[in-house]
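Visitor: Here is what each chain is made of, one letter per residue.
Number of protein chains: 2
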Amino acid sequence: MTFNIETSAKQARIAARQVAQLNTNEKNQLLLKIASSIENNSDAILKANNKDIDAGKAKGLSESMLDRLLLTPQRIADIAHAIKEIIALADPIGEVANLILRPNGLQVGKMRIPLGVIAMIYEARPNVTAESAALCIKSGNAVILRGGSEAIHSNLALAECLHQVIKDQGLDPNMVTVIPDTSREVIEKLLKQRESIDLVIPRGGEGLIRYVTEHSQIPVIQHFKGVCHLFIDKYADLDKAINILVNGKTQRPSACNSLETLLVHQSFADKFLPLAAKALLPKQVKVHACQQSINYFDNAILATNDDYHAEYLNQEIAIKVVESFDAAINHINEFTSDHTEVIVSQDTSRTQAFIKQINSSVVMVNASSRFSDGGQLGLGSEIGISTSKLHAYGPMGLSSLTTEKFVVYGDGQVRD
Amino acid sequence: MTFNIETSAKQARIAARQVAQLNTNEKNQLLLKIASSIENNSDAILKANNKDIDAGKAKGLSESMLDRLLLTPQRIADIAHAIKEIIALADPIGEVANLILRPNGLQVGKMRIPLGVIAMIYEARPNVTAESAALCIKSGNAVILRGGSEAIHSNLALAECLHQVIKDQGLDPNMVTVIPDTSREVIEKLLKQRESIDLVIPRGGEGLIRYVTEHSQIPVIQHFKGVCHLFIDKYADLDKAINILVNGKTQRPSACNSLETLLVHQSFADKFLPLAAKALLPKQVKVHACQQSINYFDNAILATNDDYHAEYLNQEIAIKVVESFDAAINHINEFTSDHTEVIVSQDTSRTQAFIKQINSSVVMVNASSRFSDGGQLGLGSEIGISTSKLHAYGPMGLSSLTTEKFVVYGDGQVRD
Numbered sequence: 001m002t003f004n005i006e007t008s009a010k011q012a013r014i015a016a017r018q019v020a021q022l023n024t025n026e027k028n029q030l031l032l033k034i035a036s037s038i039e040n041n042s043d044a045i046l047k048a049n050n051k052d053i054d055a056g057k058a059k060g061l062s063e064s065m066l067d068r069l070l071l072t073p074q075r076i077a078d079i080a081h082a083i084k085e086i087i088a089l090a091d092p093i094g095e096v097a098n099l100i101l102r103p104n105g106l107q108v109g110k111m112r113i114p115l116g117v118i119a120m121i122y123e124a125r126p127n128v129t130a131e132s133a134a135l136c137i138k139s140g141n142a143v144i145l146r147g148g149s150e151a152i153h154s155n156l157a158l159a160e161c162l163h164q165v166i167k168d169q170g171l172d173p174n175m176v177t178v179i180p181d182t183s184r185e186v187i188e189k190l191l192k193q194r195e196s197i198d199l200v201i202p203r204g205g206e207g208l209i210r211y212v213t214e215h216s217q218i219p220v221i222q223h224f225k226g227v228c229h230l231f232i233d234k235y236a237d238l239d240k241a242i243n244i245l246v247n248g249k250t251q252r253p254s255a256c257n258s259l260e261t262l263l264v265h266q267s268f269a270d271k272f273l274p275l276a277a278k279a280l281l282p283k284q285v286k287v288h289a290c291q292q293s294i295n296y297f298d299n300a301i302l303a304t305n306d307d308y309h310a311e312y313l314n315q316e317i318a319i320k321v322v323e324s325f326d327a328a329i330n331h332i333n334e335f336t337s338d339h340t341e342v343i344v345s346q347d348t349s350r351t352q353a354f355i356k357q358i359n360s361s362v363v364m365v366n367a368s369s370r371f372s373d374g375g376q377l378g379l380g381s382e383i384g385i386s387t388s389k390l391h392a393y394g395p396m397g398l399s400s401l402t403t404e405k406f407v408v409y410g411d412g413q414v415r416d
Numbered sequence: 001m002t003f004n005i006e007t008s009a010k011q012a013r014i015a016a017r018q019v020a021q022l023n024t025n026e027k028n029q030l031l032l033k034i035a036s037s038i039e040n041n042s043d044a045i046l047k048a049n050n051k052d053i054d055a056g057k058a059k060g061l062s063e064s065m066l067d068r069l070l071l072t073p074q075r076i077a078d079i080a081h082a083i084k085e086i087i088a089l090a091d092p093i094g095e096v097a098n099l100i101l102r103p104n105g106l107q108v109g110k111m112r113i114p115l116g117v118i119a120m121i122y123e124a125r126p127n128v129t130a131e132s133a134a135l136c137i138k139s140g141n142a143v144i145l146r147g148g149s150e151a152i153h154s155n156l157a158l159a160e161c162l163h164q165v166i167k168d169q170g171l172d173p174n175m176v177t178v179i180p181d182t183s184r185e186v187i188e189k190l191l192k193q194r195e196s197i198d199l200v201i202p203r204g205g206e207g208l209i210r211y212v213t214e215h216s217q218i219p220v221i222q223h224f225k226g227v228c229h230l231f232i233d234k235y236a237d238l239d240k241a242i243n244i245l246v247n248g249k250t251q252r253p254s255a256c257n258s259l260e261t262l263l264v265h266q267s268f269a270d271k272f273l274p275l276a277a278k279a280l281l282p283k284q285v286k287v288h289a290c291q292q293s294i295n296y297f298d299n300a301i302l303a304t305n306d307d308y309h310a311e312y313l314n315q316e317i318a319i320k321v322v323e324s325f326d327a328a329i330n331h332i333n334e335f336t337s338d339h340t341e342v343i344v345s346q347d348t349s350r351t352q353a354f355i356k357q358i359n360s361s362v363v364m365v366n367a368s369s370r371f372s373d374g375g376q377l378g379l380g381s382e383i384g385i386s387t388s389k390l391h392a393y394g395p396m397g398l399s400s401l402t403t404e405k406f407v408v409y410g411d412g413q414v415r416d
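Residue numbers (my numbering), protein chains in the order written: chain A, 1 to 416; chain B, 1 to 416.
Derived by calculation from the structure, the hints in this document are not laboratory data. Treat the hints with care, since some could be wrong.
[Said to hold, decoys possible] To give an idea of the chain A side of the interface with chain B (calculated C-beta under 8 Å), a few residues:
no., residue
1, 17
2, 18
3, 113
4, 199
5, 333
6, 360
7, 362
8, 367
9, 391
10, 405
11, 411
12, 412
[What the hints assert, rightly or not] Quick list of in silico lysine-lysine cross-link-like pairs, DSSO-like style, CA-CA up to 30 Å:
no., chain 1, residue 1, chain 2, residue 2
13, B, 234, A, 405
14, A, 405, A, 27
15, A, 356, B, 405
16, B, 84, A, 110
17, B, 59, A, 225
18, A, 234, A, 51
19, B, 110, A, 110
20, B, 356, B, 110
21, B, 59, B, 27
22, B, 10, A, 225
23, A, 110, A, 27
24, B, 234, A, 110
25, A, 356, B, 110
26, A, 192, B, 192
27, B, 189, B, 59
28, B, 283, B, 225
29, A, 27, B, 356
30, B, 405, A, 405
31, B, 84, B, 167
32, A, 356, B, 27
33, B, 110, A, 84
34, A, 356, B, 167
35, A, 110, B, 356
All C-beta atoms in this analysis are idealised placements derived from N, C-alpha and C, irrespective of residue type, glycine included.
The shape of chain A in the complex, shown without the other chains:
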C-alpha cells in the first residue's frame, strides 16, 4: 500500500476532532496504556532498532549518530517514564482564564483548545516519536510524525505499539501517524496540506528548519540557533560573574542554551578577565578574543566577525570588551539569535534597562543561561524553544500546542 500524505492528513484532521473531545482522565488512561505497551513490547522495538543500527553502520554513520539512534532496555524504560511525566502535567485544555462582563450583560471569556493537527519533522532519536505523540495527545491534538530515515524501523515499531493501544480503546488510530515514506518529496507535499495541518514543528539542524520555513504554507515554529550572550557589567559581582560564565559555557556546551559570546564592560575587564582566564583554563575552552582581551588568555585567537555569529556548541567562546552599557546592547541586538541573553550586574537601573532593551525570547539577570529550558522555567516537559516571535517565543510547554477561542454567554442579546 503506498502512502499518500494528503489522505493521511485528512484522516488526521478527522481524528483530531475525537482526541480534542477526550477529557483529562481519558487522555491519561490512554497514555498510561501506551507507556505500558512500549515497555511490554520492548523486544519487538529493540529488534527493529537493531535493523536501524545495522543499516546505520553499513551507511557509515558516526559513533555519536549511532549512539543517538540506539535503543536499550534502559532507554525504553526511560521513554515509558517520560510518558508518565507527561501524564502528570496539568491538562491545559478547557481552561477559561477570565470571564469579563460587558455593559450589555454578555459574558466574554477565552477558552483554551487544541490546535488540531500538528506535524513534527525531526532527525535521529527514536524517543522523540513516542514523546511527541504523548505531548500531542495530552494537549488534545492529532499528530503526524516524520522522523529521520535512519530511525525508520524503530519509529514504525513504536507506531505499531501506539496504534494497537489506541484501537484497543476504541479510538481512531489516525490520531497518531508515523510517515513510512522517508523521501524529501513527502515533506514538500506535507508542507502544502494547510487545510488539514495547523502547525509544523521542525526539530533538527539549521538546514532542515530553513527548508521547512521556505517551503511551508502552514505556520512553522522555528528554532534556528542559540547564540547566547553573557554581559558582565561594570557593577557585576565578581563571584557570580565567574560562576555564571563557567556554568553557561561548560556545563553542557552542546545545548543551545549554552553561552557562545562573552561581553565585558571595559571598566571591569582588568578585574574580571584574569579570573575568567583562570576559570576557563581547566575546562580547555578555546578562546576567540578581541584585541583588548586577547592578552589575558594563553593561546587565544583573534576573534573575527564570524566568531560573534558562531554557535560553537562546544568548548569554545568569543570574547569582546565593550566600552559601555550601550555598546553591549548594540552588539547583542546586532548578533542576537533571539534565544537567551544574560546580564550580570548589581545595579538595578542597568538590569532593568537590559530587560527593556533586549527582546530576545529569554532575558536573564544574574543567572546562568543554562536555565533557559522549559523544565527549568517551570513549564513542565519541553517541546522545544521558539526563536521566532509568532504564537510561541522561547521555551514551549504544553500550552504552546493549544490556542484560545472566544466563548460568549448571552441571554438573547442582539446588536443595535
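Position chain B relative to chain A; hints supplied.
Guide: For chain B alone, kept in the frame of chain A given last:
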C-alpha cells in the same frame, strides 16, 4: 529614486528598535500630533484623493468602490478621531502577567513586547493607512503598508503627513513605510523578507489572502471568510431565537459576522419556521432551504451543497432542518469557516456541549453573531479577525500585535 523593498524592510527593522523603546506617553504624544497633522493637512490629502477618484472614474470603478475610496473633510475628521481612540487604549507593552518563584529562588515571568515589524497588505480604503500605522505605533511596532493601487495618491499624502510629524519629534521616519510601488511583484518580494518582517496581515478578498498565504515565508494572520452558523435547538426560547436570527442576518449583512446558515432542530421546526419566515419576509431575505424546510417559505429555492459553503454577505440565507443536536454539530464541523457559531437553547447541558464540541474562533450562546467583533467583545479597536489558529484566533485587539518574552531574575544561580 526607485523603491527597494529589501532595503526598506531592513530600515524598518532598525526603526522598530526605536519605537519599541518609546514609553506610553511618548507614543500617545506622537499619535496626538499625527492626528492633528492629518486634520491640518486635509486640503493636501483631499487634493491627492481627488487624483485617485479621477483615476478610479477613468478606470470605471463601481460606485461602491469609488465611495470606499472617497475622502471628505468629515472622513478626515473621522480618521483623526479614530487615532484619538487608539491613544485612549491601554498600552499592552511591558506588562508582566505573573512572576512565579522557582524552588531555586529564580523569579520567572513573561513580559509583553512588540512583534517588531508588521506588514499590512490591503485594498481600497485610505483610512486603513492611518489607522493601521497608529495601531502599530501604539503597540510599539514598525509598520510597512501596502495599500491598493486605487488609493496610492491618498496613501502617499497621508504618509507625507506622518513622516513630517515623526521627523519633527526627532524619531526615525522608517517606523512607518508606505510602499509607493503598486505592482504585484513588490508583494512577492516583501513576502520573502523574513529576516526583517515578523508578521504579515492581509486584509481584503479571499484571493488576496490565499495569494499571501501561498507565497509568504513570513507568518501570516489569515481571515478567509465568515460562514457563521445559527443553531436553533429544540429547547430554544422562541422570541430569542427569532430576534437572534433577524439581527444576525439583516442588521448588517455585508459584515463577516453576519449569519449565513440557519440550522433548526426538527422537533422545533414546526414552531419556529413559520415565525422565521414571517420575520424575514419584510427584510426581503432570499432563502435557500432544504427539502424539509422549503415549504415554510414563499419563493424559497432548494439549497445545494454550495449554499452551505456560501458567504452571501447580503440578504440571503441557507436553511437546514437537522434531526438531532449531533447532526447540527456535524454540519457545523463540516462547513465551518472557524469564524463564529451560535446556539440558541435554554438547556445548559446542550449549550455546554455546543461550546465544547465547536472549536470555531467565537462560540456563542443565546446572542447575536453580530457581537463577534473586537469592539463588542471588549478588545478596544479591532485589527481584524483571525480564522487561523496560530498566534491569534478570532477578533484581534492590540495585544495580537505583541508577543511575550521570558524574564528571569536571579541572584547568581547556576545549574547543577
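Visitor: Next step is simple, just say for each hint if it's right about the structure.
Guide: To see whether the hints hold, each was checked on the structure:
no., hint, verdict
1, 17, "holds (6 Å)"
2, 18, "violated (11 Å)"
3, 113, "holds (5 Å)"
4, 199, "holds (6 Å)"
5, 333, "holds (6 Å)"
6, 360, "holds (7 Å)"
7, 362, "holds (4 Å)"
8, 367, "holds (3 Å)"
9, 391, "holds (4 Å)"
10, 405, "holds (5 Å)"
11, 411, "holds (6 Å)"
12, 412, "holds (4 Å)"
13, B:234 <-> A:405, "holds (25 Å)"
14, A:405 <-> A:27, "holds (21 Å)"
15, A:356 <-> B:405, "holds (11 Å)"
16, B:84 <-> A:110, "holds (28 Å)"
17, B:59 <-> A:225, "violated (51 Å)"
18, A:234 <-> A:51, "violated (57 Å)"
19, B:110 <-> A:110, "holds (19 Å)"
20, B:356 <-> B:110, "holds (29 Å)"
21, B:59 <-> B:27, "violated (40 Å)"
22, B:10 <-> A:225, "holds (21 Å)"
23, A:110 <-> A:27, "holds (22 Å)"
24, B:234 <-> A:110, "holds (27 Å)"
25, A:356 <-> B:110, "holds (12 Å)"
26, A:192 <-> B:192, "holds (17 Å)"
27, B:189 <-> B:59, "holds (27 Å)"
28, B:283 <-> B:225, "holds (23 Å)"
29, A:27 <-> B:356, "holds (16 Å)"
30, B:405 <-> A:405, "holds (22 Å)"
31, B:84 <-> B:167, "holds (20 Å)"
32, A:356 <-> B:27, "holds (16 Å)"
33, B:110 <-> A:84, "holds (28 Å)"
34, A:356 <-> B:167, "holds (24 Å)"
35, A:110 <-> B:356, "holds (12 Å)"
In the structure shown, a violation is registered for the earlier hints numbered 2, 17, 18 and 21, in ascending order.
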